[in-house]
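Undergrad: For reference, the chains in residue letters:
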Amino acid sequence: MNVAAATTATELPREHTDARLWRRLVSHRSGLVGALLVAGVVLSGILVPVLSRHDPNAIAMDDALEAPGSAHIFGTDAFGRDVATRVMYGARFSLEVGVVSRLIALVIGTVLGLLAGYYGGRTERWIMRLADVTLAYPGLLLLIAVMAAVGPSKLSLFVSIGVVGWAGVARLVRAQVLTVKEREYILAIRSLGASDSTVIVRHILPNVLTPIIVIFSMGLGASIMAESSLSFLGLGAQPPTASWGSMIASGIDYLRVAPWLSLAPGIMITLTVLGFNLLGDALRDLSDPKLGRPTRK
Amino acid sequence: MLQYALKRILWFVPILLGVATVTFFLLHVLPGDPVLSMVGERYDAATIEQLRTQMHLDDPLPQRYLRYLSDLVRLDLGKSYITGVPVWDSIKQRAPHTLRLAAAAMTIAVVIGMGIGVLAAWKRGTPLDYLMVGGSVIGVSMPVFWLGVLLIYVFSARLGLLPASGFGDGRLAYLILPALTLSQASTAYVARITRSSVLDEVGETYVKVARAKGLSEPRLLVRHALRNALLPIITVVGIDFGSYLSGSVLTESIFAWPGLGRFTLDAILKRDLPAIQGSVLFMAAAFMTVNLAVDLLYARVDPRVKLGSGGAG
Amino acid sequence: MRVTPRCAAIIATCAALAFFASGCARRENDSPMLELALETSPNRLDPAFVVDAAEGEICSLMFEGLVGFAPDGSMVPGLARAWTVSGDGTHYQFHLDTRAVFSNGRPVHAGDVIASFRRVLDPATASPRAWVLARIRGANDFHDGKSDAIAGLVAGDDSTLTIDLEAPFAPFLSLLALPAARVVDTATAGSSDVPVGSGPWQLSEWLRGDRITLTPNPHRTHAAGGVEGIRYRIIPEPFTRIAEFESGTIDVLEIPDAEVPRFRSDKKYADHVLKRPELRIFYVGLNNAKFMDVRVRQALNHAINVPALIRVLASGEAVPAHGSVPPGLPGHRDRPGYEYDPARARALLAQAGYADGLSLEIWQRESAEGNRVLEAVQGYLLASGVHATLVRREWSAFKEAVNAGKVDAFFLDWIADYPEAENFLFPLFDSANQGGGGNRARFSDPAVDRRLDAASRMTDDAAREEAYAGIDSLVYAQAPWIYLYFPTSFHVVSPRVTGYRLPAIYLANDFSGVRKAH
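Listed in order, the protein sequences are those of chains Z, B and G. Residues 1 to 297, numbered by the working numbering, are exactly what the first sequence covers, in order. Residues 1 to 313, numbered by the working numbering, are exactly what the second sequence covers, in order. Residues 1 to 518, numbered by the working numbering, are exactly what the third sequence covers, in order.
Hints may be right or wrong, so weigh each one.
Stated by the list, open to error - Under the rule of at most 20 Å between Cα atoms (straight-line distance), these lysine to any residue pairs were calculated in the SDA-like manner:
1) B:K79 with B:R158
2) B:K213 with B:I193
3) G:K275 with G:G513
4) B:K92 with B:A285
5) G:K406 with G:G385
6) G:K268 with B:A157
7) G:K268 with Z:P152
8) G:K275 with G:V319
9) G:K146 with B:Q50
10) Z:K154 with Z:L103
11) B:K92 with G:R211
12) G:K406 with B:A285
13) B:K79 with G:G209
14) G:K268 with B:Q63
15) Z:K154 with Z:R92
16) B:K213 with B:S196
17) G:K275 with G:Q434
18) B:K92 with G:E205
19) G:K406 with G:A447
20) G:K267 with B:K79
21) G:K406 with Z:P152
22) G:K406 with G:Q434
23) B:K7 with Z:D132
24) G:K406 with Z:G151
25) B:K79 with G:D193
26) G:K268 with B:R158
27) B:K92 with G:Q434
Read the hints as simulated data drawn from the structure, not as lab findings. Keep in mind it's a predicted model, so treat the numbers as computed, not measured.
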């Protein structure tokens, strides 16, 4: 299904669109739930030094593998570290990686999508084929290969998840550009002799900004999931940095004796990704319901 | 349509070439000397040099690239650096296991997903409906590897009903948990799509007529509404099948399933270049083939869809 | 309508694929074979190329050396039924067992032993294990291509073999039990990946990455009622191995540390748990070329609370290492160790000029054990002001960097190839072995080198033991490593299996007395 012709939301002047969007978000039930979940996770990540008096990385072997109780609400891990504290620090790590990598994907994808959509012809074909090559890669494997190549670090996580995510963004942006490109006032401005860059930056881009924001939020859940998966495989966060994925991985060895080690971080990933997915879906529903309905991954 | 199919197939070659090239250059950035995997703890430099020459590892990069391409054209995927086994043989051995897992996951996704979707549509508005919709939304947000761990914990560690992992002796019991895990996101998605497609159809005239004629609600939903909802479901399932084939890395990893995803992961971690290149190419080709098949099926079945309309979105 | 039958067909196809797609290898729970599991897949089963313990274990079943090891670690006759050593320790005479036969029917003669040794030393073979035989007179010349024959190997007749060494080397007999010194039928060696041997078992099936099946060598006598074969399956994940053991498809399981208490307290298995202190040491090697101040190295040892680490991570059964020679070997001593004392660690670091703390990278290869132990080590170091970054690399990248001396510190273990103190001290601390030879910490002390050389020539066992103990103390005092522990491993055997003996070293597996009810 092609992205259809513009809906009312994208035809309205910009200022009205945003205001209506935010107002409608509040009344959109699942979107609100999503927003609250996200806010909860973000706040716990920010406030952890206040909320917990434990050091996430200090080991205390005498307290190892304690069950959840009054001293440690989620118990302790094999090194005596408080699981709840580590889970909250994990929120910081995952959110940071998720947001930054998604931004990188967004920037690269937007630029290339704008160019492809606006210029068409050979530019468009080359960019889209490059996107096809990127998307032909078996999902996680490209990320794994890149991380194995450059070595795990926060920076390489940013870059690899960002670079792998550009293709989907570019496709969506290009589709949006195509719908905007043929509008009368754009054609008018071009016939008046405005330069390409002016048209792209000052006229087309603002009109696709809202969809771009939606595209950004829709992919946040996936970015966080990618980071968790890489950390689970040992290719993301390195010890002693707490990350939900690596906590689940190290908890597997103790599944029979200390199941809480894998339980807590898994719940956090689910809630966080859920929150972003709901939020992203809500934003999409409210602005342009046909945006990015997947017929291709 | 034949023309479209041929055009798409023609595009396979340059895209696969692109995949092969990107993989090749990416892998040559990887640190580590493959020869060292093959010798043990106490080695001497002369042996190392000899092995390096045998494997053409010291040739300049462009030359190695061209040799690689010429091998590919002859459909020679080379031999694993670690085991010496031809890569194609390894792929042939592992691919059926991944196929089995993917097929099982897809079956679960379709059967259980549609079941949930129809049930939710039937009981729309009731708490059961909300539960199912909520469950399917969570199902998409839960990490695949976590679900796997949970299932192992409940069904194996606690209840002792199913084996924790591995292929075992091939019995069905070993297939259940991995297939359930792999199907997680698809099942949730199919459930949602089924529910909304069925609900869309329920408002149609022919359904009202059937209801007026006295058909019971479930039969109505399944017989009439579901039929028309099948089209979007096929699409989703078809695409997911492609990504199962290529993306079951995490599931195969947790459950020690001897499939292609895990083979590739191990190869990447061991820096086994020919194995990585061969299996990535195979999976990309499989993925594109499945996508094409789904597109053609879709076009065949729904005459409203025009192929080749830009592929946007 | 058109859609329905088509979709039904699709669903049916999927279901069919699910059930039939892969050729299921039906493996019964009631297999008459002894079912074992391996964590890593052997790459080579040719003794000239065997480089790790799993490969070594299987080769020791398929191939025989002049001597061998019994499960308790003592030396037993192999192809040689008797031997004599000259007083000066350089001349060995072996009398071969005339009944020895390869699994293809050919009898084993002294000439075959020589041919087998030649193959390993032959430069064209490029065997990474040529060093095992390098002590033989003329071996190095042959290996370097300077001569066509090995002067020190002479066959008196079909069943007499003399070996002359360049210089006396006390552990030489032990070297003859290593895989590289085991005899293959060179007449057929080139034609397949796996040569023919004369051991009690022969290879009947090898699906790389999946399983290896051994069946009895028909030309050897076997006790009646033994198992019909031995099957090793490659199962890298500990979880899966446990699951398979519990469902009866594996007969012997090495229990992962975290699960040991459970198995020991489970009524069904408690009586079948076997314990073995391993001839193995875990350590964090320090780059001695970089950390030249002994105070720094000693400080790092004081910073770690090894007993606490062992209590949690190794279920309390490991032995803290106060030297590199494991308990159970002559030369081991219980000397006082570097006690856990963070204050002392800080003081030593301050004296050495690191009052503000020290930063270093600890490299490890992919391993679950490594992950756990190092996170604890990292935590302890932090408490003493040392910031350790953990760098995880896969095996070949790790080896390359460590062997070239490019890393600050690395986590590794060393497993005995033969039960002698020399097998620990010489490869690990002799300056000639820096790098890939085993001395990855780049430790170099001429006094230690001299004493190692002298000890290897000693023919009196008691004197040699004292000498090695003294060398171990000398090295330990210089703290070239962060010494961790000697592990104890636990194995659980299926109640259906009797007569299984846990060997002291991986080369000494003997399944001759194993019976399995099925």
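Undergrad: Below or equal to 20 Å on CA atoms is what counts here, so check K268 (chain G) against A157 (chain B).
TA: holds, 16 Å
Undergrad: Could you grab the alpha-carbon distance between K92 (chain B) and R211 (chain G) and see if it respects the 20 Å cut-off?
TA: OK: K92 (chain B) and R211 (chain G) at ~17 Å, within 20 Å.
Undergrad: Compare the distance between the alpha carbons of K406 (chain G) and Q434 (chain G) with 20 Å, and conclude whether the hinted pair is satisfied.
TA: Holds - the C-alpha atoms of Q434 (chain G) and K406 (chain G) are around 13 Å apart, at most 20 Å.
Undergrad: Would the pair K92 (chain B) and Q434 (chain G) pass a check requiring their Cα atoms to be no farther apart than 20 Å?
TA: violated, 43 Å
Undergrad: Given the hinted pair K146 (chain G) and Q50 (chain B), is their alpha-carbon gap at most 20 Å?
TA: Distance ~18 Å between K146 (chain G) and Q50 (chain B) Cα, so the pair holds.
Undergrad: Given the proposed pairing of K275 (chain G) with Q434 (chain G), does the C-alpha separation stay at or below 20 Å?
TA: violated, 34 Å
Undergrad: Verify the proposed pairing of K92 (chain B) with A285 (chain B), using a straight-line Cα cut of 20 Å.
TA: holds, 14 Å
Undergrad: Would the hint linking K275 (chain G) and V319 (chain G) be met if the CA-CA limit is 20 Å?
TA: Satisfied, since the Cα-Cα distance of roughly 13 Å is no more than 20 Å.
Undergrad: Has the given pair, K406 (chain G) with P152 (chain Z), been kept, meaning a C-alpha gap of at most 20 Å?
TA: holds, 19 Å
Undergrad: Compare the distance between the alpha carbons of K213 (chain B) and I193 (chain B) with 20 Å, and conclude whether the hinted pair is satisfied.
TA: violated, 27 Å
Undergrad: With a cut-off of 20 Å on the C-alpha distance, tell me whether K154 (chain Z) and R92 (chain Z) pass.
TA: holds, 12 Å
Undergrad: Is the hinted pair K406 (chain G) and G151 (chain Z) satisfied, with a Cα-Cα distance of at most 20 Å?
TA: holds, 16 Å
Hints 1, 2, 5, 7, 12, 14, 16, 17, 19, 20 and 27 from the earlier list are contradicted by this structure; the remaining hints agree with it.
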